[in-house]
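Protein chains: 2
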Amino acid sequence: MKTHTLLMPLDMHLHLRDGVMLENVAPLTAYSFSGGIIMPNLVPPVNTLEDVKAYRARIMAAVPNDFFEPYMTLFYRNYDKAFLQSVADDITAIKLYPAGITTNSEGGVSSFDIEEMRETLEVMSELEIPLCVHGETDGFVMDREAEFMSIYELLAKNFPKLKIIMEHITTKAAVEMLDKYENLYATITVHHLLLTLDDVVGGMMKPHLFCKPIAKRPEDLDALLGVALNAHPKVMFGSDSAPHPQHKKESCGCAAGVFTAPIALQLLCEIFEQYNKLENLQDFISDNAQRIYGICPEFKEITLEKRPFVVPEHYGSVVPMYAGEVINWAIASVD
Amino acid sequence: MKTHTLLMPLDMHLHLRDGVMLENVAPLTAYSFSGGIIMPNLVPPVNTLEDVKAYRARIMAAVPNDFFEPYMTLFYRNYDKAFLQSVADDITAIKLYPAGITTNSEGGVSSFDIEEMRETLEVMSELEIPLCVHGETDGFVMDREAEFMSIYELLAKNFPKLKIIMEHITTKAAVEMLDKYENLYATITVHHLLLTLDDVVGGMMKPHLFCKPIAKRPEDLDALLGVALNAHPKVMFGSDSAPHPQHKKESCGCAAGVFTAPIALQLLCEIFEQYNKLENLQDFISDNAQRIYGICPEFKEITLEKRPFVVPEHYGSVVPMYAGEVINWAIASVD
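Sequences listed follow chains A and B, in order. Reminder that position 213 of the first sequence reads as 213 in this note's numbering, one-by-one numbering, no gaps. Reminder that position 302 of the second sequence reads as 1302 in this note's numbering, one-by-one numbering, no gaps.
Simulated from the structure, these hints should not be mistaken for lab results.
Below are the BS3-like pairs computed for lysine-lysine, each with C-alpha atoms no more than 30 Å apart in a straight line: (1) Lys-1277(B) <-> Lys-1002(B); (2) Lys-172(A) <-> Lys-1206(B); (3) Lys-1248(B) <-> Lys-1206(B); (4) Lys-53(A) <-> Lys-81(A); (5) Lys-206(A) <-> Lys-1206(B); (6) Lys-1172(B) <-> Lys-1234(B); (7) Lys-1053(B) <-> Lys-1163(B); (8) Lys-157(A) <-> Lys-81(A); (9) Lys-180(A) <-> Lys-161(A); (10) Lys-53(A) <-> Lys-161(A); (11) Lys-172(A) <-> Lys-1172(B); (12) Lys-206(A) <-> Lys-1248(B); (13) Lys-1248(B) <-> Lys-248(A); (14) Lys-306(A) <-> Lys-2(A); (15) Lys-1206(B) <-> Lys-1172(B); (16) Lys-172(A) <-> Lys-234(A); (17) Lys-1306(B) <-> Lys-1234(B); (18) Lys-157(A) <-> Lys-234(A); (19) Lys-1206(B) <-> Lys-248(A); (20) Lys-206(A) <-> Lys-1172(B); (21) Lys-1163(B) <-> Lys-1277(B).
Partial chain A-side listing against chain B, Cβ under 10 Å, derived: (22) Phe-140; (23) Val-141; (24) Leu-197; (25) His-208; (26) Cys-254.
Glycine included, each C-beta is placed from N, C-alpha and C at the ideal position.
Same shape as in the complex, but just chain A:
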């Protein structure tokens, strides 16, 4: 049987939620990943040192039997230097949301006034705290990410020493930005390496494939595959795995988010193998992230094997991507 081994997989964009949902989903990621960048868009958002410490403790309590490092983040606001210095040791990044752009982002940034943001972003540059950005405007749904490129440029030019991560990129426009500024990086989800808008609304409408940013056009998918499969050094895997209870997905107003955490590695093997690029998956799944973030995850070795695997219909209250469907790789062992 064909197998493939990955070392220290990292999920550089992960929603673990809180409470019962946290207890349900955190072990699924902790089982096969060495660590993950934990999104701070709880209600209320994570924006104090106490919040960070308490949320980290709740995550660790939810995964008692695994070696798993939750790389904590703060919800971006304009913070002063003293505060940033006080939290720097406890966070790995700060996540910026434009206000109201996705789930629980109401307290985000409502205007990109560089002078108002300058102190925060300069101190982050000094302290080497990366800025993770949900890069969408409030424009037409297919244009939101492309329209945000001018804001990435503004940030990249004004803060050349700030590492800026374009989160969950979905467009050719974002891929093209990667090589334009030295300090721009990106995460890509597994579902955005598989889907276009066609899969979401081209046949039946599929609520479990509905996410923000929404999957885009075929040429966008090709551009994303181009950098992921070829181990572009500035591109990292970030699942954006975003669990919602089933009733919030299958109703007259469906929440945005695709749940992929427990099948991400399997799907990535399938995609990379399909294009004969399995040898590049290690860079995408861990090595690039280690270098970009300067992190050293605990050792974990995951062996996957090529055999049919039926995706469970549910993980607790959450329906995963491809629920009930057969995928072609499965996890064989975790060491």
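We have chain A; now place chain B onto it with these hints.
Frame of chain A; chain B shown alone:
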């Protein structure tokens, strides 16, 4: 109170389904419309004279107390002259579906070979039977209608005496075709005068606003409003009102179709009033269709008044567009 009166409203693209659903939805249209072009995509499709007569009888039985004319259609296949002559008196149009493009269209046209279609389309021209077309390719969901324009051109050029109705157009590209060929006409739904893709998947995902063709970009909406509001003489109202039971809309694979029949006139008054074009609604709702199709519907006078109206949550098993929301016009009387 502000009122507006419409004479002989016609719905030139209507799905009445069959059985219990027919009995549920047909009275809702018959109440406020003088007649409608009845889509033939039943299972199996309507494609014999007996089918047409029997379906017409079932429709009439479902609306015993109303003056309502179901303008019957056949499901397009390549028919011979003798057959078309035998059905000409019992049908108003023939509806062409590309194979598999929407609900119950599996038996449609799989390749547009003009020579194979020539006999049918020439006889239809002679007999003055309009061809109604669902104009979408099987391409990327946002491009399907625009890609179909070359097929409209092929049909319009090869059969200059055939009246070709571009059904439920959703794009600027289709609007621009209208004036390019004398024999091209169009229907527009009320939901495509209200929605863009943003409304369907830009915030929450809205299964009750999901239809085929899918709502497109803001510039497409503007182009559609441009011709509808200004009473373009080749443009008619066709609701494409497409009822599905609630459980087929709110599930992990949602069927395409927006149910608007009982609120279409109210919404149209609201839209046309908003743009100060109420005086043009009569052309859009009836007069253009009468002239294009050469039909003379029975007299019906509908008076609407401007007052808040809460759209019911359900009509039987069907959830309408804007269920539970307030719209600003209501039907005051039907004579």
